[in-house]
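4 protein chains.
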Amino acid sequence: MKNTFGQNLTVTLFGESHGPAVGAVIDGLSPGLTVDQDFINRQLSRRRPSSLLDTTRQEPDRFQILSGVFNGHTTGTPICIVIPNENTRSGDYVYGPARPSHADYTAFCKYHGYEDYRGGGHFSGRITAALVAVGGILLPALEGLGIRIGTHILQCHGICDRPFGQPEQDIALLAGRSFPVLDEDSGERMAACILEARSNTDSVGGITQTAVTGMCAGVGEPWFDSVESVLTHGLFSIGGIKGVEFGEGFGFAGLSGSEGNDAFRMEEGRVVTVTNCNGGINGGITNGMPILFQCAVKPTASIAKPQQTVDFLKGEDTELVIHGRHDPAIIRRICPVIDSVTAIALCDLLAGRFGTDVFVKGVSL
Amino acid sequence: MKNTFGQNLTVTLFGESHGPAVGAVIDGLSPGLTVDQDFINRQLSRRRPSSLLDTTRQEPDRFQILSGVFNGHTTGTPICIVIPNENTRSGDYVYGPARPSHADYTAFCKYHGYEDYRGGGHFSGRITAALVAVGGILLPALEGLGIRIGTHILQCHGICDRPFGQPEQDIALLAGRSFPVLDEDSGERMAACILEARSNTDSVGGITQTAVTGMCAGVGEPWFDSVESVLTHGLFSIGGIKGVEFGEGFGFAGLSGSEGNDAFRMEEGRVVTVTNCNGGINGGITNGMPILFQCAVKPTASIAKPQQTVDFLKGEDTELVIHGRHDPAIIRRICPVIDSVTAIALCDLLAGRFGTDVFVKGVSL
Amino acid sequence: MKNTFGQNLTVTLFGESHGPAVGAVIDGLSPGLTVDQDFINRQLSRRRPSSLLDTTRQEPDRFQILSGVFNGHTTGTPICIVIPNENTRSGDYVYGPARPSHADYTAFCKYHGYEDYRGGGHFSGRITAALVAVGGILLPALEGLGIRIGTHILQCHGICDRPFGQPEQDIALLAGRSFPVLDEDSGERMAACILEARSNTDSVGGITQTAVTGMCAGVGEPWFDSVESVLTHGLFSIGGIKGVEFGEGFGFAGLSGSEGNDAFRMEEGRVVTVTNCNGGINGGITNGMPILFQCAVKPTASIAKPQQTVDFLKGEDTELVIHGRHDPAIIRRICPVIDSVTAIALCDLLAGRFGTDVFVKGVSL
Amino acid sequence: MKNTFGQNLTVTLFGESHGPAVGAVIDGLSPGLTVDQDFINRQLSRRRPSSLLDTTRQEPDRFQILSGVFNGHTTGTPICIVIPNENTRSGDYVYGPARPSHADYTAFCKYHGYEDYRGGGHFSGRITAALVAVGGILLPALEGLGIRIGTHILQCHGICDRPFGQPEQDIALLAGRSFPVLDEDSGERMAACILEARSNTDSVGGITQTAVTGMCAGVGEPWFDSVESVLTHGLFSIGGIKGVEFGEGFGFAGLSGSEGNDAFRMEEGRVVTVTNCNGGINGGITNGMPILFQCAVKPTASIAKPQQTVDFLKGEDTELVIHGRHDPAIIRRICPVIDSVTAIALCDLLAGRFGTDVFVKGVSL
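Protein chains in written order, with the numbering used here: chain A, 1318 to 1682; chain B, 1318 to 1682; chain C, 1318 to 1682; chain D, 1318 to 1682.
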């Protein structure tokens, strides 16, 4: 469905980096949920550039809710959130030379030159502000069901954070951190590495890790809407994500079945697994353990170094030096975006399984 | 859409491992395409167990086409393919003890005990026979547009094949190989490793790599139907796949932008990239270079070793020894399944972009 | 979605009139529902030609369930039902001359000559056998929630049955009638009229009326999935239906608001309406009163009289006399088809509103 | 998909009558189409109240395009159009007594009291302003392919306009008329009838007729996306429409096959039909003749007469006198809404059949 994601709870995105606004429409959310504008603002501030680690484009993200909220609660009808673009410098952009690793050339192939190319247009990370605002509404809805989501930087250009240990506590820990790592020492070394990339007119990539706790067992479909399928459908639309793995993921390649199988045990009357190599999902369906996944994030494509490329309008080779304001790493700012997309995917699965009132009436198996 | 995948060209799967049949319905395919029953049979034989490397359940896969094909050509109406199950030993299965890493427990949570549990039921790898039959129709349709797909075992329990070098030639190479590796020496070592796993009553995992050549630029959507999104939606519904990465994928975490950006160049009047770290996709849209991705495949969950688990009907701990016939590794047999799912996803994207007649009328930008 | 209808509960149709079989896949139905093969047979017999009022093509409709049913219950996974075609006389059909009011010419425009033209191919009323079999599974599922559906012939070529009076009782009455009318005298006159059309080598049209009782209030969406929208989406895919109206329908054109508004009243603690001009739907959402709608059914297109037409292969005018076996009226046989499509649409709406377990867990507002 | 309509070209609606704004997101439209803000304004003015025949609520409909348009052309990315609500008098509305024939009670059943009830909220005809703005973009896109749409009032409370004769010319005629009738004398009598209803504190219903010319043959699907299915799915979401018929529609009930079959003839090398009882659609697929359909529009539910109803909050009978500003008939203002919904449905069918570039590259069979 192109710019609409989800089947039961859907999110439709719109906007360009240098157009009037970016925004989203949420449809299918239960009526009666509290909409906390402060929380939405806090989520937006987690994504906002905040230091030399990030781009110098500063957007206040003054969002407006145009519909679907009445007297502070969701009505059950579509919620349209709009975030005006206020700080644009469109003069920074020229059309023709393709920025390597960006969508300039592919957008030209798809939109035949009519695309709004300024600042990456509809491909810009700016659009993710709308996604994060959506998360600002959906994350509390999930929390109402006891479901919590947290994402940290597991690796930045070779520097590693510790992986999730006790997901419940670790997610709580992350809520208070502006630089989302579990081990703050690693975080400082990552920050230094990002600053160094900036001073080298370069950029760096990394890996994030996400945990979801409190998800009930029995959600997802073997074919074709496995939990992994629905989550990755959303995650791979975030620019810069080039890999997703669940639980042990690529590490399974070196394991034998006897090592990678998660033994089941009864614990306080509940079925649990002793290990969680499968990341909380068996056969595409949640098993009640924390959902765990990692995303590979490529280095920011925009770097100030001269690069070899083509001018696709002229059909000839050229050299490009990118001006404009860019992030030396998006690994920090992508974390709340991943949380939001995860929230959308899970809300959609829950609404499909338990009906549209699930967020107020709760889950009953 | 649960068991239906795709929007413009859709595939609906049905069947259980020990029920009367498995099958699929393909809808949205152009009329006038040749349906080559021999090619479908060859594809099915690539997936079929063939040696001690695989399960001993032998299915002849005698498929029937019930609709949508007339005088050897597609009619443009839905094609229903049915593959009867002929060699079932349902007595091998008991209900209650959850096989670790399998969907027994999650199926119970979802289907409340009404699931056909024999041989994994609807979660069984047996269902992939229907997917491969679908590929037997779609792969020639893509080949008619100059698009070719090939998958090899990049790694099996630590033993590595060489990665794709010249994708066009490598795909041709793979067409002739029953054990899909590029370097046959590596293949022999992998086979030995799988046999060893069998003799240890254990199983092993691995990594596959897939290349797609001949795909035109300009296909895919930035939000939310990026090429990566659509492909992974399909791929993650294949049981056993726990990670997917495109191009450098998780390797991007250690790269800087200046290393990971693919420089564009003009070559014989066409735009190409010098490297292909992005796996042929920029901003979710094809750039005309080969699409490259890797899938992490977990070790077969069914192993003959005693395993700790729970009996979910009784709600108590138990020990389980799995009987029945199983693969010590599915990494070989999963390759044609990945080819088929890739074909479905690409056919869907092409039909959406260029209309339902694209496979007979071709692509015009 | 072309041959797939529904979003939460979906039905995918396949098959051609003279191909090996017709069939359907049902997905999204709750696990644990009893599947009553006798009831499916009874439904199929309601649609089967039974006398001179109908075509002389006799099909035994020996259906097979290939998947999704285990130990007599639905498993929750896709149910594939196949009905082989056994009595075909393909020699009756020639290709080129377009049968007026049929899809021969439009199929040629769409499928470029690759369509299976024998007996109308995928456009044939034969495909509705699969729909009726689907109804044979879904109607009892609805009945488990207290929802009943009945359709009668309201008018046949000017001869009128009485409209629904007490829908609950009238639906019960219809269950026992092979010729579905409420007033048996009218039925006899209709039958005479149909026989006269046959003897005139002509055909006649009519109007059906459908009632649904026991539907809870609060189901449907104002935009764009109103109950009317979802029902008519399904109904208008039945060949021969050219109009649908709810409640007073076209009669509203002559009413004033004070006549057409349904006053609300409390009755035994429930909200009811005094009249039911709106057919149980306000603002696209059920109000708890019976859903009432009428379908206009055109005369069978196949008549034995010589007709002016074109041979679209030759591009020239021609005269056509249709051979083959045809119904002088489909108004009787269409009734169970309408019941089935109505069941699909309502099941889909209920599954979307209350979740996939609704048919076993019931509705709770 | 609830508030999203279409599969290839989609429209998502949002907004409440007395909220900040109503609006829509269009996705899947070809890049490079001219967006004519004056034409959008003209379409909006066709829907706007203009005299005593309509409500006295006056909205300037100052729309803003937030995305998807760049340098006066569509970019190919989602177009978000927002129309602020400027003239609201929320004090006119009380909550509890259900306005008969309105959605107050059903909204309460669905949204549990959280719905924005002011002015009908999301159910209000106000939302159709957004639909008409969408039509302001899509109608020229269709006109670029030679496809024209026109709707007139065929009947208003028993007073009849002449039906479409020469659809091409009649559509051109309607473009210049503020009161959309073909025969202006009938129009004057209809206006008098509406004024009389107003003076009687009552309202009146009617029937519209729509023609589409220039549509190529071969578009639509037999199951389940017949042209009739897709059109009515959209049409029945317009509040007040309670019946839709194609061509002869309910008149088929009195015809024999030899009367209702449309004979085919060759005319200037093209296949045409001599009559058009089927309204341009055979077997769910366009045959190249004008598409013709009629919609039954119920009398405006809001009337100033005292009405019997219930207070659903208190669960008791009550009498209601509706205050606020209302239309004595919506039959005039609904015409451009029907044009817009028709445009959406046809654009969706065309984009599915011929691909997303169809509006710039044209149709090729």
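No lab work stands behind these hints, which were simulated from the structure alone. This structure is a prediction, so every number in the text was calculated from the model and none was measured. A portion of the hints provided could be inaccurate.
The list makes no distinction among identical chains, and a pair is therefore deemed to hold if it is satisfied within one copy or across any two copies.
[Stated by the list, open to error] Below, a list of computed lysine to aspartate or glutamate pairs in the EDC-like style, where the Cα atoms sit at most 16 Å apart: (1) K1622 / E1576; (2) K1631 / D1487; (3) K1678 / E1460; (4) K1631 / D1353.
Evaluated hints:
In this homomeric assembly, K1622 and E1576 come within 16 Å of each other (Cα to Cα) only across copies, at 11 Å, whereas the closest approach inside a single copy is 46 Å. Within a single copy, K1631 and D1487 get their C-alpha atoms no closer than 52 Å, and across copies no closer than 34 Å, so neither meets the 16 Å cut-off. For the identical chains of this complex, K1678 and E1460 are intra-copy neighbours only, at 13 Å inside a copy versus 25 Å across copies, given an alpha-carbon limit of 16 Å. In this assembly of identical chains, the alpha carbons of K1631 and D1353 never lie at most 16 Å apart, being 50 Å within a copy and 30 Å across copies at closest.
Checked against the numbered hints given earlier, this structure breaks hints 2, 4; the rest are met.
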